[in-house]
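A.B. asks: Taken in sequence, the protein lines are chains A and B. Our numbering applies: residue 176 is where the first sequence begins, and numbers increase by one. Our numbering applies: residue 27 is where the second sequence begins, and numbers increase by one.
For the record, the hints were derived by calculation from the structure and aren't laboratory data. Heads up, the beta-carbon is just placed ideally off N, CA and C, and yes, glycines get one too. Warning: the hint list may mix true and false statements.
Distance condition first, Cα-Cα at most 25 Å in a straight line; then the derived DSS-like pairs of lysine-lysine [to be verified]:
| id | chain 1 | residue 1 | chain 2 | residue 2 |
| --- | --- | --- | --- | --- |
| 1 | B | K69 | B | K156 |
| 2 | B | K179 | B | K69 |
| 3 | B | K69 | A | K285 |
| 4 | B | K103 | B | K179 |
| 5 | A | K274 | A | K285 |
| 6 | B | K179 | A | K331 |
| 7 | A | K284 | A | K274 |
| 8 | B | K103 | A | K331 |
| 9 | A | K284 | B | K156 |
To be clear about the criterion: a stretch of chain A counts as covered by chain B if any three or more of its residues have a C-beta under 8 Å from a C-beta of chain B, and this derived list gives those stretches [stated by the list, open to error]:
| id | segment |
| --- | --- |
| 10 | 185–197 |
| 11 | 222–233 |
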Amino acid sequence: MRFDDWMLALHVLSAFSLVAGLILFWALIVVGRRIDTPQATLSLGPVARVGTATVGVGMVGTIVFGLWLAFSVRNYDIWDAWIIIALVLWFIGAALGRKTGEAFLEGPKKAMELQEAGQTGPNAELLELNRTSRGVLLQTLTSLVVLLIILDMIWKPWA
Amino acid sequence: MGLSVLAAIRPDSWNLPLLVHAFGAMLAVGGLVTAAASLALAKGEARLLRLGYFSLLAITLPGWIIMRIGAQWIFSKEGWDDLPDRLIPSWIGIGFMVADFGGLLLLASLIVGGIGIRRMRQGKGAGLLKATLVLAVVLLAACIVAVWAMAGKPG
Numbered sequence: 176m177r178f179d180d181w182m183l184a185l186h187v188l189s190a191f192s193l194v195a196g197l198i199l200f201w202a203l204i205v206v207g208r209r210i211d212t213p214q215a216t217l218s219l220g221p222v223a224r225v226g227t228a229t230v231g232v233g234m235v236g237t238i239v240f241g242l243w244l245a246f247s248v249r250n251y252d253i254w255d256a257w258i259i260i261a262l263v264l265w266f267i268g269a270a271l272g273r274k275t276g277e278a279f280l281e282g283p284k285k286a287m288e289l290q291e292a293g294q295t296g297p298n299a300e301l302l303e304l305n306r307t308s309r310g311v312l313l314q315t316l317t318s319l320v321v322l323l324i325i326l327d328m329i330w331k332p333w334a
Numbered sequence: 027m028g029l030s031v032l033a034a035i036r037p038d039s040w041n042l043p044l045l046v047h048a049f050g051a052m053l054a055v056g057g058l059v060t061a062a063a064s065l066a067l068a069k070g071e072a073r074l075l076r077l078g079y080f081s082l083l084a085i086t087l088p089g090w091i092i093m094r095i096g097a098q099w100i101f102s103k104e105g106w107d108d109l110p111d112r113l114i115p116s117w118i119g120i121g122f123m124v125a126d127f128g129g130l131l132l133l134a135s136l137i138v139g140g141i142g143i144r145r146m147r148q149g150k151g152a153g154l155l156k157a158t159l160v161l162a163v164v165l166l167a168a169c170i171v172a173v174w175a176m177a178g179k180p181g
């Protein structure tokens with residue numbers, strides 16, 4: 176394998192890491208919709224941190240190895256339309272992902288407050304925060320942006 | 027065949043099967059990561075143990091089926107099935123080995139985990155779900171090797 180083949184392999188592995196993190200968060204969103212107690216809300220935290228790490232590795236890896244390939248591979252140029260589209264979508268995805276994370280942190284924050292106040296039973300406001308429709312909308316948009324990047328990477332429009 | 031040559035010559039008709047293959051593989055890996063994380067970090071909590079098992083059943087299994095269908099589709103589209111086995115490159119061999127033996131391992135993990143979930147509901151402990159975790163981690167490692175082989179195309 177040449178060096179660029181390794182870079183491509185790492186780029187694709189990073190994309191898998193990113194999508195795996197998104198899928199993990201979708202699973203947590205589905206599970207979280209039925210959670211109304213502080214303890215159960217906070218118990219999802221360690222799994223969510225794995226999701227944050229895999230998304231982080233995926234985001235950094237896709238951009239770093241992707242940029243390397245854009246400059247290194249003979250047939251690619253950084254100003255190719257499909258590469259510019261991917262870069263723009265990557266930045267949109269990063270911004271949406273950050274907003275999604277903020278929306279879904281409201282539940283655990285509330286759970287901490289309730290636990291510190293000694294309220295361990297079911298709480299309607301906590302359930303509402305765990306079911307945040309804004310968060311679901313942002314996660315849907317983030318997932319769509321990632322799907323668009325994958326379509327762009329495969330079809331390479333105007334290449 | 028070098029990366030730049032491959033990128034330049036892939037016909038448009040290969041894109042859909044490639045998308046199906048990659049989409050299925052991403053679903054499968056996402057389900058495995060979710061399952062492994064949930065089962066490893068559950069500390070006996072039933073909700074996370076169930077999340078781990080049902081991630082394998084509802085995400086990884088359909089993803090694996092889509093990935094395998096896409097694999098056969100792209101294999102045929104690229105004309106590999108017209109060649110004798112000795113001319114099939116090693117990266118395809120790695121992919122098929124992981125897809126087929128991994129599929130059997132996935133089925134084994136689902137059966138073991140299903141029994142584990144049943145026993146957990148009966149209050150008999152979640153020991154079998156630890157075996158499911160081990161199988162999920164092994165599958166995840168195999169998938170990482172397969173993705174590396176598919177993308178880097180060694181040999």
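A.B. asks: Each hint needs a verdict: does it hold in this structure or not?
C.D. replies: Hint by hint, here is what the structure shows:
1. K69(B) x K156(B): The hint holds at about 11 Å.
2. K179(B) x K69(B): Violated, at roughly 39 Å.
3. K69(B) x K285(A): Roughly 23 Å between the alpha carbons, so the hint for K69(B) and K285(A) holds.
4. K103(B) x K179(B): Status holds; Cα separation ~18 Å.
5. K274(A) x K285(A): It holds: about 18 Å lies between the C-alpha atoms, which stays within 25 Å.
6. K179(B) x K331(A): Roughly 20 Å between the alpha carbons, so the hint for K179(B) and K331(A) holds.
7. K284(A) x K274(A): Roughly 15 Å separates the two Cα atoms, so the pair holds.
8. K103(B) x K331(A): Holds: K103(B) and K331(A) sit about 19 Å apart, inside 25 Å.
9. K284(A) x K156(B): violated (31 Å)
10. 185–197: holds (count 9)
11. 222–233: Coverage by chain B holds here, the residue count being 4 at a Cβ distance below 8 Å.
In this structure, the hints that do not hold are numbers 2, 9, in rising order.
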